[in-house]
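Student: Please take these sequences and the hints and turn them into a complete structure.
Number of protein chains: 2
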Amino acid sequence: MLAGGTGGAKLAHGFQHVVGAGELTVIANVADDLELFGLHVSPDLDSVLYTLAGIVGESGWGVRGDTWTALEMLGRLGEPTWFRIGDADLATHVRRSRLLREGSTLTDVSRALAGSLGVTTQVVPATDDPVRTVVSTDAGELDFQTYFVARAQRDEVRGVRFAGIEQARPSPAAIAAIAEADLIVIAPSNPIVSVAPILGIRGMREGVQGAAAACVAVSPIIGGHALKGPADRMLASLGHEVSALGVARLYAGIVDRFVLDEQDAELAPAIAALGMAVDVLPTVMSTEEDRAELARRIISAADAMLGR
Amino acid sequence: MLAGGTGGAKLAHGFQHVVGAGELTVIANVADDLELFGLHVSPDLDSVLYTLAGIVGESGWGVRGDTWTALEMLGRLGEPTWFRIGDADLATHVRRSRLLREGSTLTDVSRALAGSLGVTTQVVPATDDPVRTVVSTDAGELDFQTYFVARAQRDEVRGVRFAGIEQARPSPAAIAAIAEADLIVIAPSNPIVSVAPILGIRGMREGVQGAAAACVAVSPIIGGHALKGPADRMLASLGHEVSALGVARLYAGIVDRFVLDEQDAELAPAIAALGMAVDVLPTVMSTEEDRAELARRIISAADAMLGR
Numbered sequence: 001m002l003a004g005g006t007g008g009a010k011l012a013h014g015f016q017h018v019v020g021a022g023e024l025t026v027i028a029n030v031a032d033d034l035e036l037f038g039l040h041v042s043p044d045l046d047s048v049l050y051t052l053a054g055i056v057g058e059s060g061w062g063v064r065g066d067t068w069t070a071l072e073m074l075g076r077l078g079e080p081t082w083f084r085i086g087d088a089d090l091a092t093h094v095r096r097s098r099l100l101r102e103g104s105t106l107t108d109v110s111r112a113l114a115g116s117l118g119v120t121t122q123v124v125p126a127t128d129d130p131v132r133t134v135v136s137t138d139a140g141e142l143d144f145q146t147y148f149v150a151r152a153q154r155d156e157v158r159g160v161r162f163a164g165i166e167q168a169r170p171s172p173a174a175i176a177a178i179a180e181a182d183l184i185v186i187a188p189s190n191p192i193v194s195v196a197p198i199l200g201i202r203g204m205r206e207g208v209q210g211a212a213a214a215c216v217a218v219s220p221i222i223g224g225h226a227l228k229g230p231a232d233r234m235l236a237s238l239g240h241e242v243s244a245l246g247v248a249r250l251y252a253g254i255v256d257r258f259v260l261d262e263q264d265a266e267l268a269p270a271i272a273a274l275g276m277a278v279d280v281l282p283t284v285m286s287t288e289e290d291r292a293e294l295a296r297r298i299i300s301a302a303d304a305m306l307g308r
Numbered sequence: 001m002l003a004g005g006t007g008g009a010k011l012a013h014g015f016q017h018v019v020g021a022g023e024l025t026v027i028a029n030v031a032d033d034l035e036l037f038g039l040h041v042s043p044d045l046d047s048v049l050y051t052l053a054g055i056v057g058e059s060g061w062g063v064r065g066d067t068w069t070a071l072e073m074l075g076r077l078g079e080p081t082w083f084r085i086g087d088a089d090l091a092t093h094v095r096r097s098r099l100l101r102e103g104s105t106l107t108d109v110s111r112a113l114a115g116s117l118g119v120t121t122q123v124v125p126a127t128d129d130p131v132r133t134v135v136s137t138d139a140g141e142l143d144f145q146t147y148f149v150a151r152a153q154r155d156e157v158r159g160v161r162f163a164g165i166e167q168a169r170p171s172p173a174a175i176a177a178i179a180e181a182d183l184i185v186i187a188p189s190n191p192i193v194s195v196a197p198i199l200g201i202r203g204m205r206e207g208v209q210g211a212a213a214a215c216v217a218v219s220p221i222i223g224g225h226a227l228k229g230p231a232d233r234m235l236a237s238l239g240h241e242v243s244a245l246g247v248a249r250l251y252a253g254i255v256d257r258f259v260l261d262e263q264d265a266e267l268a269p270a271i272a273a274l275g276m277a278v279d280v281l282p283t284v285m286s287t288e289e290d291r292a293e294l295a296r297r298i299i300s301a302a303d304a305m306l307g308r
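In order, the protein sequences belong to chains A and B. First residue of the first sequence? That's 1 in the numbering used here, and the numbers climb one at a time after it. First residue of the second sequence? That's 1 in the numbering used here, and the numbers climb one at a time after it.
Rather than coming from a laboratory, the hints here were simulated on the basis of the structure. Because the structure is a prediction, the values reported are computed rather than measured. Heads up, the beta-carbon is just placed ideally off N, CA and C, and yes, glycines get one too. Possibly wrong hints are sitting among the right ones.
[What the hints assert, rightly or not] Facing chain B, from chain A, some residues (calculated, C-beta under 8 angstroms): (1) L34; (2) F37; (3) A70.
[As the list claims (entries may be wrong)] What the simulated footprint calls covered on chain A by chain B, stretch by stretch (three residues with Cβ under 8 angstroms from a Cβ of chain B suffice, anywhere in the stretch; the number is not a length): (4) 98-106; (5) 222-228; (6) 274-281.
Tutor: In structure tokens:
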């Protein structure tokens with residue numbers, strides 16, 4: 001599964017529930033990583049890890065029931081506090097930063113964190129190299145978290161680029177997982193800032209296109225809106241249709257199959273015309289059982305296509 | 001004031017209460033600093049800072065009312081947890097480590113931390129260079145915190161050395177403070193592992209001896225015991241007398257004046273015979289008023305000696 005943060009994490013959790021231990025690999029976006037307090041913070045990797053470990057906070061990020069003592073002190077000592085890092089979450093960043101400084105790759109670190117948290121799913125960064133989303137707005141170019149958190153997505157997005165993406169090499173574990181996969185799933189994550197900076201890494205799109213497995217994308221837009229985050233407004237301001245069809249167009253030539261929500265059933269023919277098989281499914285994941293059920297149905301549909 | 005951790009911090013707090021804002025400089029031991037989770041931890045500097053800021057924990061270290069969420073998570077992620085770092089305390093180490101990594105000296109960092117915590121006293125490390133206490137025991141050479149915390153001071157101390165002390169340069173702020181001082185105080189800290197690694201830094205002993213100001217030491221041994229820490233057992237196993245007299249002998253040739261507790265009044269003549277003026281005072285600092293009163297009486301005695 002190629003995934004960003006919360007939406008991707010939920011569907012990954014559903015798949016983890018349905019497939020055997022160790023059979024799922026989540027390739028997470030790292031283009032919204034940031035350096036805070038001199039520590040390396042990987043919001044998407046952590047949302048996925050915490051969700052798969054069953055300890056994610058209610059909003060889909062951070063650790064459930066976390067305390068905020070360190071952040072208060074960091075603020076008192078002059079560090080920025082707009083990015084809300086709880087105490088347990090800070091521990092993850094401290095641990096990650098120590099391992100990175102000692103020479104581990106982000107892939108190594110993610111493997112170590114998953115192991116410590118009892119997560120049997122492989123969680124790997126799309127790349128071990130620095131790739132950073134830069135958002136063009138009327139207020140100038142902003143790094144992703146400044147746009148997303150500090151300025152609360154209030155700026156109209158005029159363009160998006162991924163600094164460093166030309167130089168970045170894909171994580172070998174990600175490439176291997178794609179090559180060996182029985183099914184490739186593009187999670188219902190933001191296509192512009194979560195999925196594009198994964199597929200845009202050298203060899204990644206070609207890996208997906210050349211893989212033996214079918215590739216299925218799940219629409220993050222339901223009824224013209226993103227359930228969470230700015231995907232809908234981003235699509236609009238960048239000139240895309242704000243619908244499952246608009247998302248499907250972005251994935252044309254990459255995915256074999258497209259899953260859209262029952263609310264959007266009328267878009268199925270137009271999506272099919274892009275050359276994709278279409279599955280109309282209940283995709284809103286309100287409960288843990290919803291996640292597992294969506295995973296089961298995605299697998300069934302793909303298996304049927306492959307005649308299994 | 002030359003100081004180690006808790007005892008030194010208490011007397012420094014008393015002096016801070018008595019003298020004008022900015023008139024006190026505390027030169028803190030850094031030989032028990034350690035690297036934990038990839039962060040630079042300075043236990044003595046922090047005990048002094050937290051005490052002077054009025055936020056120290058009840059045991060004389062860490063932050064009062066701190067939480068332990070990060071440490072629990074760090075343990076889960078495979079980091080050692082024998083050195084108890086609370087969440088607010090962790091924030092200090094994160095901030096310090098970031099500034100050090102960006103090129104600040106430990107002196108710069110200590111100044112920044114003091115400023116953020118509203119501490120007007122100058123708190124400076126004895127040196128910006130790495131000096132580390134190594135304790136020889138029957139279990140081999142141990143770094144100080146392994147001996148002190150991890151092994152709970154259970155090993156007999158056969159010898160003490162300070163790795164790096166020959167190469168270390170004194171913090172310029174420390175040397176300047178000694179040269180400009182009206183009074184130099186050696187705090188009631190462990191003479192072997194807190195004061196010796198300050199005085200042993202090149203130029204520091206000579207600075208104290210050559211200073212215009214009188215130098216007064218306060219005995220950390222009262223009635224044959226250290227109020228806190230292993231100073232008494234260390235003195236014994238290294239062949240020193242475990243008494244204020246034993247401590248005074250270590251400071252002969254450096255201090256002009258020696259403060260011992262009323263309980264030890266009978267040692268005054270023997271200490272005077274070492275060539276020091278002797279003040280017999282109540283030195284147990286149970287309350288904040290005790291700290292201030294001891295500071296006042298040390299200043300009065302020194303002023304009387306100088307005819308002020």
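Student: Which numbered hints turn out to be false for this structure?
Tutor: 1, 5 and 6
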